[in-house]
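2 protein chains.
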Amino acid sequence: MLIREATAADWPAIWPFFHQIVAAGETFTYPTDLTEEQGRDWWLLSAPSRSVVAVDESGTVLGTAKMNANHLGNGSHIAGASYMVDPAHAGRGVGRALCTYSLEWARAAGFRAMQFNAVVETNVHAVQLYHSLGFEILGTLPEGFRHPQKGLVGLHIMYCPL
Amino acid sequence: MLIREATAADWPAIWPFFHQIVAAGETFTYPTDLTEEQGRDWWLLSAPSRSVVAVDESGTVLGTAKMNANHLGNGSHIAGASYMVDPAHAGRGVGRALCTYSLEWARAAGFRAMQFNAVVETNVHAVQLYHSLGFEILGTLPEGFRHPQKGLVGLHIMYCPL
Numbered sequence: 003m004l005i006r007e008a009t010a011a012d013w014p015a016i017w018p019f020f021h022q023i024v025a026a027g028e029t030f031t032y033p034t035d036l037t038e039e040q041g042r043d044w045w046l047l048s049a050p051s052r053s054v055v056a057v058d059e060s061g062t063v064l065g066t067a068k069m070n071a072n073h074l075g076n077g078s079h080i081a082g083a084s085y086m087v088d089p090a091h092a093g094r095g096v097g098r099a100l101c102t103y104s105l106e107w108a109r110a111a112g113f114r115a116m117q118f119n120a121v122v123e124t125n126v127h128a129v130q131l132y133h134s135l136g137f138e139i140l141g142t143l144p145e146g147f148r149h150p151q152k153g154l155v156g157l158h159i160m161y162c163p164l
Numbered sequence: 003m004l005i006r007e008a009t010a011a012d013w014p015a016i017w018p019f020f021h022q023i024v025a026a027g028e029t030f031t032y033p034t035d036l037t038e039e040q041g042r043d044w045w046l047l048s049a050p051s052r053s054v055v056a057v058d059e060s061g062t063v064l065g066t067a068k069m070n071a072n073h074l075g076n077g078s079h080i081a082g083a084s085y086m087v088d089p090a091h092a093g094r095g096v097g098r099a100l101c102t103y104s105l106e107w108a109r110a111a112g113f114r115a116m117q118f119n120a121v122v123e124t125n126v127h128a129v130q131l132y133h134s135l136g137f138e139i140l141g142t143l144p145e146g147f148r149h150p151q152k153g154l155v156g157l158h159i160m161y162c163p164l
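Chains as they are written, first to last, in the numbering used here: chain S, 3 to 164; chain G, 3 to 164.
Quick caveat, the hints were computed from the structure, so don't treat them as lab data.
Watch out, some of these pointers could steer you wrong.
[Said to hold, decoys possible] In silico negatives: residues of chain S with every beta carbon more than 12 Å from chain G:
1) 52
2) 126
3) 133
[As the list claims (entries may be wrong)] Partial list, computed: chain S residues near chain G (C-beta under 8 Å):
4) 27
5) 31
6) 161
Glycine residues also receive a C-beta, built at the ideal position from the N, C-alpha and C atoms.
Kindly generate the complete structure, drawing on both the sequences and the hints.
Written as structure tokens, this is what we have:
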């Protein structure tokens, strides 16, 4: 697996699983009817922010991440990141590789911590992955997310010092 | 004191104290060199978000607030808000009136809670005010804010059910 810069040319490979994940509405606080154009603008960031893809040896896009400052001004030493893994390629360590990559990027870029603002508590694989990489839960917004099947569930705010 | 919709015509009265507060860099995670035009775009929101001013009987702008959804998609039942009070009119209950107003707006608009993402822990008057209005601290991002005098301090995530 290789992680490399995402370009506009990767978007057609990202959008199908990006759309599937966003439309399912189970893990992201994005409008579930986000259009392809909005999605591209939200996901493919310009420097100093970054967007990457994880690809296999044949060049197939397995997943993607974006990384940026979570706060601005005097909070701009706190990074944020988001990840999407194609469900067709789940269980292969793609999420772990992307998260590890983003932590290394943030450390090298001089950020002091990574903060996730809204991790859906029923997204247990993600929560476990983040814990295993050094994240802790700072707090949980009660009933902060309306899961389409499970109803109102909490949104974790998670944090990892760098 | 009257709280009413803010219009573009109010901006010249807002900007001097808005700029003073942002440039001081003690309470907001905004770029301290935010320009007047950026500030106006950030602060004067369109429907369904709202921006208001608190004015006295002579029409002087004492403070201002903006209110919006804090999360989108399946988190869009969580509101957010920000407040600025002209330091020349501090201690007159302007912040309390604006915060109370925003909570009533959010409740009436169908939000289920109000969440603040980044309350600087050294901004003790604000923290006390929010506590007194029913907010609790969900968690604190350690060293999340670089205070120009006090160094690295925490950023509270605060929450009030509606």
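Results of checking the hints against the structure:
Separation of residue 52 (chain S) from chain G is adequate, the least Cβ-Cβ distance of about 20 Å exceeding the 12 Å criterion. Under the 12 Å C-beta cut-off, the non-interface status given to residue 126 (chain S) relative to chain G holds; the minimum distance is some 17 Å. With a least beta-carbon separation of about 15 Å from chain G, residue 133 (chain S) lies farther than 12 Å from that chain, consistent with its non-interface assignment. Against a cut-off of 8 Å between C-beta atoms, the interface hint on residue 27 (chain S) holds, since the closest Cβ of chain G lies about 5 Å away.
Contact between residue 31 (chain S) and chain G, as hinted, is supported at the beta carbon level, the nearest pair being about 4 Å apart and thus within 8 Å. Interface restraint check for residue 161 (chain S): the shortest CB-CB distance to chain G comes to about 6 Å, inside 8 Å, so the restraint holds.
The structure shown violates none of the earlier numbered hints.
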